[in-house]
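Construct all of the structure, not just a fragment, from the sequences and the given hints.
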Amino acid sequence: MSQFIDADDLALLASSFEAATADAPGPSEADQALYDLGWAELLASAPGQGAATAFNALGATGSAASLLDDVVVNALGAEAALQSCCVFPAPHKAEAPGHLRGETVMVDGLLSARAETAVAAVLGMGTENGVGLFAVDAGLLHGPAVDGIDPGRAYRRVVVEIPAEALEPTAAEGSWESAVAAARVALAHQLLGGARWMLGEARQHAIDRAQFGRPVAQFQAIRHKLAESLVQIEGAASVAGACLHDPDPMLAALAKSLAGQAARTTATHAQQVLAGIGFTAEHRFHLWLKRMLVVDTLFGSASSIPAEIGHQLLASGQAPRLIQL
Amino acid sequence: MDPETFRRDLGAWLDDNANDLTPPYEGIGSMDAHMAHYSHVKRALFDSGFGRYGWPESVGGLGGSPLLRAIIGEEINFRDLADPNAWTMIEVLAPTVIDFAPPELSARLVPPFLRGDEMWCQGFSETDAGSDLASLSCRAAETDGGWVVNGQKIWTSFIEYSQRCVLLVRTGEPESAHRGITALLVDIDSPGIGYSPIETMHGRRDFAEVHFDDVFVPADRLLGEVNGGWQVAMDILPYERSTTFWHRGALLHRRFSDLAAQVSAAGNRGDAAAKALGQAFQWIVAFRSRSRDTQHQLAAGEQLGVETSVDKILITSAEQQLFETARDLLPGVMEFDDGLAAASWRNDYLYSKAATIYGGTAEIQRNIVARRLLDLGPES
Numbered sequence: 001m002s003q004f005i006d007a008d009d010l011a012l013l014a015s016s017f018e019a020a021t022a023d024a025p026g027p028s029e030a031d032q033a034l035y036d037l038g039w040a041e042l043l044a045s046a047p048g049q050g051a052a053t054a055f056n057a058l059g060a061t062g063s064a065a066s067l068l069d070d071v072v073v074n075a076l077g078a079e080a081a082l083q084s085c086c087v088f089p090a091p092h093k094a095e096a097p098g099h100l101r102g103e104t105v106m107v108d109g110l111l112s113a114r115a116e117t118a119v120a121a122v123l124g125m126g127t128e129n130g131v132g133l134f135a136v137d138a139g140l141l142h143g144p145a146v147d148g149i150d151p152g153r154a155y156r157r158v159v160v161e162i163p164a165e166a167l168e169p170t171a172a173e174g175s176w177e178s179a180v181a182a183a184r185v186a187l188a189h190q191l192l193g194g195a196r197w198m199l200g201e202a203r204q205h206a207i208d209r210a211q212f213g214r215p216v217a218q219f220q221a222i223r224h225k226l227a228e229s230l231v232q233i234e235g236a237a238s239v240a241g242a243c244l245h246d247p248d249p250m251l252a253a254l255a256k257s258l259a260g261q262a263a264r265t266t267a268t269h270a271q272q273v274l275a276g277i278g279f280t281a282e283h284r285f286h287l288w289l290k291r292m293l294v295v296d297t298l299f300g301s302a303s304s305i306p307a308e309i310g311h312q313l314l315a316s317g318q319a320p321r322l323i324q325l
Numbered sequence: 326m327d328p329e330t331f332r333r334d335l336g337a338w339l340d341d342n343a344n345d346l347t348p349p350y351e352g353i354g355s356m357d358a359h360m361a362h363y364s365h366v367k368r369a370l371f372d373s374g375f376g377r378y379g380w381p382e383s384v385g386g387l388g389g390s391p392l393l394r395a396i397i398g399e400e401i402n403f404r405d406l407a408d409p410n411a412w413t414m415i416e417v418l419a420p421t422v423i424d425f426a427p428p429e430l431s432a433r434l435v436p437p438f439l440r441g442d443e444m445w446c447q448g449f450s451e452t453d454a455g456s457d458l459a460s461l462s463c464r465a466a467e468t469d470g471g472w473v474v475n476g477q478k479i480w481t482s483f484i485e486y487s488q489r490c491v492l493l494v495r496t497g498e499p500e501s502a503h504r505g506i507t508a509l510l511v512d513i514d515s516p517g518i519g520y521s522p523i524e525t526m527h528g529r530r531d532f533a534e535v536h537f538d539d540v541f542v543p544a545d546r547l548l549g550e551v552n553g554g555w556q557v558a559m560d561i562l563p564y565e566r567s568t569t570f571w572h573r574g575a576l577l578h579r580r581f582s583d584l585a586a587q588v589s590a591a592g593n594r595g596d597a598a599a600k601a602l603g604q605a606f607q608w609i610v611a612f613r614s615r616s617r618d619t620q621h622q623l624a625a626g627e628q629l630g631v632e633t634s635v636d637k638i639l640i641t642s643a644e645q646q647l648f649e650t651a652r653d654l655l656p657g658v659m660e661f662d663d664g665l666a667a668a669s670w671r672n673d674y675l676y677s678k679a680a681t682i683y684g685g686t687a688e689i690q691r692n693i694v695a696r697r698l699l700d701l702g703p704e705s
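Chains A and B, in that order, are what the protein sequence lines are. Residue 1 is where the first sequence starts when you use the numbering used here, and the numbers rise one by one after that. Residue 326 is where the second sequence starts when you use the numbering used here, and the numbers rise one by one after that.
Take these hints with a grain of salt, some might be off.
Calculated cross-link-like contacts (lysine-lysine; reagent style DSSO-like; alpha-carbon spacing at most 30 Å) [as the list claims (entries may be wrong)]:
1. A:K290 x A:K93
2. B:K600 x A:K93
3. B:K600 x A:K290
4. B:K600 x B:K678
Derived by calculation from the structure, the hints in this document are not laboratory data.
Shown next, in the form of structure tokens:
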């Protein structure tokens, strides 16, 4: 049964999550630290607020912790555990990553760092009756190491073939659609936490950096870029917040897309305002930029979700009235 | 009354009275037709009681949360029952008049506005005082029993149909800026007021230039304090940016739904069309969500301030993106078609270009966000 946590407790949780993830050297240590703080119990009792708080912290600290596995497992009605991971959809997609071809399951998806140490993985597979959920030995998902763009290696692509007999059906209560919605809202919070961090870095740089005898923050061209970033962040944050009280899957999709767009816009503007130093490896900006590029692709991106929603609108020939007073 | 019950009862009443409330004009309609029908709908809502909720009893209302007023405008706009700008003028002007006018004055003047018997207008901008509103120069000099006003205003909407005007005048020295401005509630039929309509690029005579030539305004028409007009002007902002924006957001939502229906019916169902629609829709929803938060802050009695510039930027961006998307997804329609739907798209597309200019330009809003919300210090 979900309970509601008041704002003070939530703020306290947020700061302890941020401290724990910031101190952890790698994703598995971060996972462990958050489990020690009661993350799994929080997720089970207050999934919306818990995920929002934790994923904002991930965004703010740039942590590569693998909490997305827990969010999906929890939404599917199972108990989150450090031994469990999930196969996420392929980049820019929300469809289940498994497809049956004869006796073989073709898997094209993404894995978090959790998959390196987990024992069992949850795999969604498209069937005639919707998405079926299966348990599979996580060892079967190991593939060649690929560096990709993100030095923190929070996620990697997995393209493997698994014999169908290796799959065991699970008795999951939740649907794939509800797991997609929960993942999207959580990731929206991570993108927004990261976007706020990038905006904060750019803001401080603009105040500290002087050219032509004054802080560059005095130039309107710079002020307007940062203002535009904040406006997009706040618009997206409002929708992500609304998802806490409204489980509409379209609203969750919009939250993810808007957050991805806000993060893209903020990254572009922050990069420009940070200028030379922001292009170096010395400044941490590039770590957040690269993580944002990766997280944006998870469960549908700021470029793929609008088309997904647009097709739904075109099919129904009208726009649903989301968000009520 | 709780908002959900109110919305349900209001919706049922609007459905029952749809024949009477649906505009007699097709398509865009003339200003005269719009204003006549606006008065009719306003009166019908007042008589039914719905139109009185959310307003204090002292001005003829039935009390209750201002959220109820937001809901009325939302339903009116979703059903396209009345001119949206006319409908929302009372939300811009009346709450501030109630805050600043002597109680007996608002008790006498606001009820006819609420009933749709009257329209009011806003005399703020001047030719040389647009974004820099505090530099306005239309002057009021003290005289026996009141004020004598001389000068000009511009961009005054609905003056042709109005009985009163909330007017900002200079009462301090010319260089007194925002410290020397006073607000007056002026009768439009006062001798010495004249106006010349301004035709807009979307082909309407939406507003006018107003001339004041020795216009006498009685002392009891003072709103707030002498030289306290800036506070009155600033008081309008939270109302304008909560209820009025919520109303306009509903209009944009309906027009977006129209667009989805028309693009769908035309069989334009490719990925490019879907993506453009989804991108336009997401910012309409982002605005609506943000505006909902703002409405609840207002209803909870919180002081709204500069953060409403975020709402303003979101709605103006969403509006312009919507009508640019309509132009792309209904190819050639607004350029080459004279049908009713095309005329509406053309009208709304052109009107959307004003969204980043009126009520504080897009640039002014971003300056405010940079200075006050991002704390970037003064501009160079």
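Hint-by-hint comparison with the structure:
With a C-alpha separation of about 19 Å, the suggested pairing of K290 of chain A with K93 of chain A holds against the 30 Å cut-off. As the CA atoms of K600 of chain B and K93 of chain A are separated by approximately 14 Å, the hinted pair is consistent with the 30 Å bound. Between K600 of chain B and K290 of chain A, the direct Cα distance comes to roughly 24 Å. Compliance with the 30 Å bound is thereby established for this hinted pair. For the given pair, K600 of chain B sits about 23 Å from K678 of chain B by alpha-carbon distance, which is consistent with the 30 Å threshold.
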